[in-house]
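Peer 1: Listed below, chain by chain, are the residues.
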Amino acid sequence: MCARGVCTCMTENREVSTTAAVRCVDLRKRYGDVIAVDGLSLEVRRGECFGLLGPNGAGKTTTIEILEGLLAPDSGDVEVLELRWQRDERQLRQRLGIQLQESQFIDKLTVEETLRLFRSFYDRGKTIDELLALVELESKRSSWVVKLSGGQKQRLSIACALVGDPDLLFLDEPSTGLDPQSRRQLWGVLQRYRAAGGTILLTTHYMDEAEVLCDRVAIVDHGKIIALDAPKAMVTALGAPKVVVHEGTLEDVFMSLTGRHLRDE
Amino acid sequence: MTNNGARGGAHHPLIELTLARLREFVREPEALFWSFFFPIVMSVAMAIAFPSQGSQPARVGVPPGAASDMLRKTLSSGPGLIVRDVPAEEELRQLREGDVHVIVRPGDPPTYRFDPDREESRIARLVVDDVLKRAAGRSDPWQAREDAVAIPGSRYVDWLIPGIVALGIMNNSMWSIGFMTVQMRLRKLLKRLAASPMQKWEFLLAQVLARLLFLGPEVAVPLMFGVFAFGMPVRGSILALALVALLGALAFGSIGLLVGSRVRTLEAISGLMNLMMVPMWVLSGVFFSSSNFPEVVQPFIRVLPLTALVDALRGVVLEGATLGGIRFEMATLAAWAIVPFSIGLRIFKWR
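Which chain is which? The protein sequence lines are X and V, in order.
The numbers in our numbering rise by one with no breaks, and the one at position 132 of the first sequence is 132.
Throughout, our numbering is defined as the position within the second sequence, counted from one, plus 1000.
Source of the hints: derived by calculation from the structure; they are not laboratory data.
On a predicted model such as this, the values are computed, not experimentally measured, just so you know.
Think of the CB as a built atom: it goes at the ideal place given N, C-alpha and C, for glycine as much as any other residue.
Treat the hints with care, since some could be wrong.
Claimed, not checked - Below, a list of computed lysine to any residue pairs in the SDA-like style, where the Cα atoms sit at most 25 Å apart:
#1 V:K1188 with X:W144
#2 V:K1191 with X:V145
#3 V:K1191 with X:G151
#4 X:K147 with X:L178
#5 V:K1200 with V:A1334
#6 X:K153 with V:Q1183
#7 V:K1133 with V:E1120
#8 X:K140 with V:L1193
#9 X:K126 with X:R192
#10 X:K224 with X:R28
#11 V:K1188 with V:L1272
#12 V:K1188 with X:G150
#13 X:K108 with V:L1189
#14 V:K1073 with V:A1088
#15 X:K126 with V:K1191
#16 V:K1349 with V:L1266
#17 V:K1191 with X:W85
#18 V:K1191 with X:L92
#19 V:K1073 with V:D1115
#20 X:K147 with V:F1025
#21 X:K108 with V:E1267
#22 X:K108 with V:L1019
#23 X:K108 with V:S1270
#24 V:K1188 with V:K1349
Stated by the list, open to error - Quick look at which bits of chain V chain X covers, simulated, 3 or more residues with Cβ under 8 Å:
#25 1008 to 1016
#26 1021 to 1028
#27 1185 to 1192
All chains, please: the whole structure from these sequences, using the hints.
Peer 2: Printed below as a string of structure tokens:
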């Protein structure tokens, strides 16, 4: 199935919980005068949910698209599931699930037809029925995509990402624009994927989302990571978190680090 | 695991991609309407412009007023002439618009005003001349016996219909594929597909294949119209006809793909499409023979895809050509199917 060397090290590493699912070193990307990613390094461990947290324009999307192999960095080193984009793209694409910000599906295809289309690209994976159950869209099976609500569209998008039973799931702002109930439904889907042993790398600008879903978060600002830890530890490190009425949140962490509100811009 | 199980019950990606495109198209009533509407409108327009029975009467203009009374009376008695009053300041405009074919001014001798470059004007002049001279007492040495025939296949309308079919193939293939790719790019669906393990050539090929399924009705509608309304002959084999249409659709689908391969706005794609297609409307001999263009540009015109398709269709429909007889055209179309597709695949922008 894969090159011999790769297989060996995968089996060796399975026992070590700190094996990297994603590793990138000193990533840089600029668009003309704008530096989108400015020497960013990170490591996502297998089985964890890792969040990239930051305001719009911090470089989260550029970073995740480089890791997804959709953008080439100007410099820096990327390794995903111990494979490289330049060499192992076909194999990698079979093992990754990707949900993009703002990408739309074909309006007049049904949910089932859309899933079937994406399923046809993968050598392994779930059945359509399993997917529909996983994202709770059984009742919408025969509805056209254009008729779905925002939350349902987003769950379809997640289902398309999960269609090939991925080892690693990339999500770019998965709950942006969703109402509270749809967000919680989406989190449920992601927690079920985690429970089955999956690894997630997501970007978000919602603090509560990061606190609920992520084992570790990196706070990104101006294309750099300015803090990286477990959400709880970050809040604790802030010190005196119980000053007023509420407990400290990641929002407070972000403000104390940058002096700005997260949704300022 | 069986082959089917490997894809969880889904078909081969090429089939799924083609099906997706077909479903999208069939569920879009406007798109469906336009792709069948165009050839029907063209065909109806032809039926009105070229009635199949009898020849068109010649329209003759005379100056208004009593001075033309004699003339008006004589001309009206002539066969196949329609006489109307045309004021002096209107003469040029009506001649230009083809409202009248010749103006006759009374006098001794009368004056004929007409455009000798126009065939219908020359004919009208001859008919008018004949009627007037005969009325003036000319005696003909003899009257020939006339043996009138109408030969289907050699009329303008017969020549035109295969051209309309070719035009339909070009329009539908290029517009639908070019527009669709740009739209999918705008919606970031192309980017999403590129993030999956989908094979890129399979996606592009599926877009072209989906087109072929609509080819049958698109070609059959105007052809049937020609056969039943005008008695146009179809002399070649249906198989040869189908192969020509198929290759033509592949060629234009592939060109549409190349044109849409990097464009990001619907305005830009419309402009580019017109830039590609309008010169071919004129050069490729759909409405008038391309032999009207100078000798130096003929080799260029010959290798245009629309010229190849029009010539091949005319060859098969009107002359009963076999595939061997149109091998140059077929080879040209094949080249247009392969080269733009390969370039398009290479430079295609997925985001």
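Peer 1: Take the hints in turn and mark each one as holding or not.
Peer 2: Each hint, compared with the structure:
1. For the hint pairing K1188 (chain V) with W144 (chain X), the CA-to-CA distance comes to about 18 Å; that is within 25 Å, so the pair holds.
2. Pair hint K1191 (chain V) plus V145 (chain X) holds up; C-alpha atoms about 18 Å apart against a cutoff of 25 Å.
3. With a C-alpha separation of about 21 Å, the suggested pairing of K1191 (chain V) with G151 (chain X) holds against the 25 Å cut-off.
4. Between K147 (chain X) and L178 (chain X) the CA atoms are separated by roughly 16 Å; this keeps the pair inside 25 Å, and the hint holds.
5. Only pairs whose Cα atoms come within 25 Å are accepted, and K1200 (chain V) paired with A1334 (chain V) is accepted, the gap being roughly 21 Å.
6. For the suggested pair K153 (chain X) and Q1183 (chain V), the alpha carbons sit about 19 Å apart, so the restraint of at most 25 Å is met.
7. Restraint check: the Cα-Cα separation between K1133 (chain V) and E1120 (chain V) comes to about 20 Å, which is no more than 25 Å; the hinted pair holds.
8. With a CA separation close to 22 Å, the supplied pair K140 (chain X) and L1193 (chain V) stays within the 25 Å bound.
9. For the proposed pair K126 (chain X) and R192 (chain X), the alpha carbon gap of about 14 Å is at most 25 Å, so the pair holds.
10. With a CA separation close to 10 Å, the supplied pair K224 (chain X) and R28 (chain X) stays within the 25 Å bound.
11. With a C-alpha separation of about 21 Å, the suggested pair K1188 (chain V) and L1272 (chain V) falls inside the 25 Å cut-off, and the hint holds.
12. A distance of roughly 17 Å separates the Cα atoms of K1188 (chain V) and G150 (chain X); the hinted pair therefore holds under the 25 Å criterion.
13. Proposed proximity of K108 (chain X) and L1189 (chain V) is supported: the alpha carbons are some 14 Å apart, at most 25 Å.
14. Note on K1073 (chain V) and A1088 (chain V): the hinted pairing holds, with a Cα-Cα distance of about 20 Å set against a maximum of 25 Å.
15. Note on K126 (chain X) and K1191 (chain V): the hinted pairing holds, with a Cα-Cα distance of about 23 Å set against a maximum of 25 Å.
16. Restraint check for K1349 (chain V) and L1266 (chain V): satisfied, since their Cα atoms lie roughly 15 Å apart, inside the 25 Å limit.
17. At roughly 16 Å between alpha-carbon atoms, K1191 (chain V) and W85 (chain X) fall within 25 Å of each other, so this suggested pair holds.
18. Note on K1191 (chain V) and L92 (chain X): the hinted pairing holds, with a Cα-Cα distance of about 16 Å set against a maximum of 25 Å.
19. Taking the CA atoms of K1073 (chain V) and D1115 (chain V), the gap is about 24 Å. The hint holds against a cut of 25 Å.
20. A hinted pair counts as satisfied when its Cα atoms are at most 25 Å apart, and K147 (chain X) with F1025 (chain V) qualifies at roughly 17 Å.
21. For the proposed pair K108 (chain X) and E1267 (chain V), the alpha carbon gap of about 23 Å is at most 25 Å, so the pair holds.
22. At most 25 Å may separate the alpha-carbon atoms for a hinted pair to count; K108 (chain X) and L1019 (chain V) meet this at roughly 12 Å.
23. This hinted pair checks out: K108 (chain X) and S1270 (chain V) have alpha carbons roughly 23 Å apart, not beyond 25 Å.
24. Restraint check for K1188 (chain V) and K1349 (chain V): satisfied, since their Cα atoms lie roughly 11 Å apart, inside the 25 Å limit.
25. Given as covered by chain X, the region 1008 to 1016 of chain V passes the check, having 8 residues with a CB less than 8 Å from a CB of that chain where 3 are the minimum.
26. With 4 residues carrying a beta carbon less than 8 Å from a beta carbon of chain X, the region 1021 to 1028 of chain V meets the three-residue requirement, and the given coverage holds.
27. Chain X is given as covering the region 1185 to 1192 of chain V, and this holds because 5 residues of the stretch bring a CB closer than 8 Å to a CB of that chain, at least three being needed.
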